[in-house]
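Novice: Can you make the complete structure from the sequences, with help from the hints?
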Amino acid sequence: MTSFLDLAAANLLSPMVLFFLLGALATIAKSDLSIPEAIAKGMSLYLMLSIGFKGGASVAAHGIDGLLIASLIAGVILSAVMPLIAFKLLTASTRLPRVDAAAVAAHYGSISIVTFLAAIQTLDGAGISYEGHMVAVAAAMETPAIMVALWLAHSGRQMAGTVGGPSGGQGSGMDRSVLHDVLLNGSIVVLVGAFAIGCITGANGLKSIAPFIVDPFKGILCLFLLDMGVIAGRGMAEGRKHLTPPALLFGLYMPLIGATLGALAAMTIGLSLGGTALLITLCASSSYIAVPAALRLALPDARPSIYLPLSLGVTFPFNLTIGIPLYLALAAYIH
Amino acid sequence: MQTYPKKRIDIMVEAPLMKRVLTLLDQQGVTGYTVLPALAGRGIDGSWHRDGLVGRVGSVVQIFCILDEARVDAVIEPLFDLVSRQIGIVTISDVQVIRKDHF
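Sequence order for the protein chains is Z and V. Read in my numbering, the first sequence has 28 at position 28, and its numbers run on one by one without any break. Read in my numbering, the second sequence has 57 at position 57, and its numbers run on one by one without any break.
Among the clues, some could well be false.
Said to hold, decoys possible - Residues from chain V that keep clear of chain Z, each with C-beta distances beyond 12 Å, as calculated: (1) K19; (2) V72; (3) D73.
Said to hold, decoys possible - Think about it this way: if two alpha-carbon atoms lie no more than 20 Å apart in a straight line, the pair counts; the simulated SDA-like pairs of lysine to any residue are: (4) V:K7 to V:E77; (5) Z:K218 to Z:K30; (6) V:K6 to V:G46; (7) Z:K241 to V:D101; (8) Z:K30 to V:H49; (9) Z:K241 to V:G46; (10) Z:K41 to V:E77; (11) Z:K30 to V:K7.
Said to hold, decoys possible - Short derived list, chain V residues pointing at chain Z, Cβ under 7 Å: (12) G46; (13) R50; (14) D51; (15) G55; (16) V57; (17) R85; (18) Q86; (19) V90; (20) D101.
It is worth saying that the hints were derived from the structure and are not from the lab. Note that this is a predicted model, so its numbers are computed, not measured. Yeah, the Cβ is synthetic: ideal placement off N, Cα and C, and Gly gets one too.
Specialist: Okay, here's the thing in structure tokens:
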């Protein structure tokens with residue numbers, strides 16, 4: 001318990017969390033603080049490149065083994081199963097329409113790469129090593145949740161006899177162009193591509209570009225989290241208008257359910273302490289970049305005013321402040 | 001100066017749909033269009049602000065094109081099918097152009 005409290009205090013007082021809180025508080029106080037969109041996207045690409053490359057270089061050092069394959073399979077299964085659980089809980093506890101419940105479920109089956117980055121930073125700060133291939137697991141967990149959630153939404157529509165929506169128009173369902181956009185989302189391309197380049201070039205490649213991708217990483221993550229704080233602050237303001245108490249509660253307890261599933265999976269496949277903490281964090285996190293973009297095309301009837309504030313304004317701040325030390329403590333407990 | 005009457009279609013649409021709208025305009029033989037970023041706004045679905053966004057959701061783009069009146073229906077009908085369930089608005093207005101052969 002003391003260990004968890006120490007971890008939580010260290011996390012809350014870390015520069016990355018304090019910058020996040022600064023951004024959120026500035027927005028709540030109606031400051032004009034904002035980061036230009038182009039800079040935010042540039043920082044996002046930098047962070048994907050850095051984390052992907054370092055993960056790839058780590059795999060190059062340790063080799064491809066059965067644990068990598070098992071981790072990928074576990075990640076895909078968890079990403080597909082969690083939306084089913086989330087959907088059941090949402091339909092039982094909230095009055096959200098089926099399409100909104102399916103959309104929210106997709107977010108909680110998929111992952112937040114920024115939460116993942118923050119967890120890595122916490123592990124690095126605590127001197128805990130982890131499997132480099134967890135970056136690939138994160139990428140693999142982006143998509144299955146979207147497919148399952150679309151199936152949930154559309155199976156309900158078929159029962160209601162309204163496939164294609166009231167207009168019968170285009171722009172709904174997982175067609176080829178949506179699948180293309182999800183799989184070739186710019187962030188995923190950079191993350192997976194940098195991972196592959198890291199695998200190919202190994203330690204020498206990492207050494208040659210370390211001044212760019214290692215040294216500035218913490219500072220850029222802080223600036224990025226300042227921006228995320230601003231966005232989350234907006235999400236909190238929107239959430240107050242659109243979310244009911246049961247939906248707000250879901251945003252707090254669903255990460256804990258995901259964390260438990262992640263811990264069980266990590267124990268089953270035999271991940272290290274750091275790898276376990278990262279898989280738990282991935283399962284506890286919810287998407288707010290890749291999934292919303294896919295759902296606006298595939299499920300336009302689902303309301304972004306529900307799923308975005310819940311994921312960005314409730315779950316992300318919870319994970320960043322309390323969740324990550326909790327998940328690390330859980331990982332330490334089962335090891 | 002001699003001017004000619006044409007129709008201008010303005011499509012304010014959420015950014016994730018932009019590529020599909022442009023593909024549709026290409027398919028319908030629209031000879032030219034322009035896309036502009038929108039900074040911030042509010043509608044029945046709530047407010048949005050472009051700054052700081054990492055993903056495309058939450059931002060809106062404005063697409064406009066100028067057509068001969070005779071072709072407006074052929075573009076508007078499939079456009080309505082595409083955007084009717086999305087966040088955004090479509091307006092059609094009368095404009096005057098100088099070079100009529102461009103549209």
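Novice: Decide, hint by hint, whether the structure agrees.
Specialist: Results of checking the hints against the structure:
1. K19: violated (8 Å)
2. V72: The assertion about V:V72 holds, with a minimum of 19 Å to chain Z.
3. D73: holds (16 Å)
4. V:K7 to V:E77: Holds, at roughly 15 Å.
5. Z:K218 to Z:K30: Violated, because 27 Å separates the two Cα atoms, which is more than 20 Å.
6. V:K6 to V:G46: violated (33 Å)
7. Z:K241 to V:D101: violated (50 Å)
8. Z:K30 to V:H49: holds (13 Å)
9. Z:K241 to V:G46: holds (10 Å)
10. Z:K41 to V:E77: Violated - the C-alpha atoms of V:E77 and Z:K41 are around 35 Å apart, more than 20 Å.
11. Z:K30 to V:K7: Given pair Z:K30, V:K7 is violated - Cα atoms ~41 Å apart, limit 20 Å.
12. G46: Interface hint status for V:G46: holds (5 Å vs cutoff 7 Å).
13. R50: Holds, because the Cβ-Cβ distance from V:R50 to chain Z comes to roughly 5 Å (cut-off 7 Å).
14. D51: holds (4 Å)
15. G55: holds (4 Å)
16. V57: At about 4 Å, which falls below the 7 Å cut-off, the nearest Cβ of chain Z leaves the hint on V:V57 intact, so it holds.
17. R85: holds (4 Å)
18. Q86: holds (5 Å)
19. V90: Violated: closest Cβ of chain Z sits about 13 Å from V:V90, beyond 7 Å.
20. D101: violated (32 Å)
Violated hints, in rising order: 1, 5, 6, 7, 10, 11, 19 and 20; the structure is consistent with all others.
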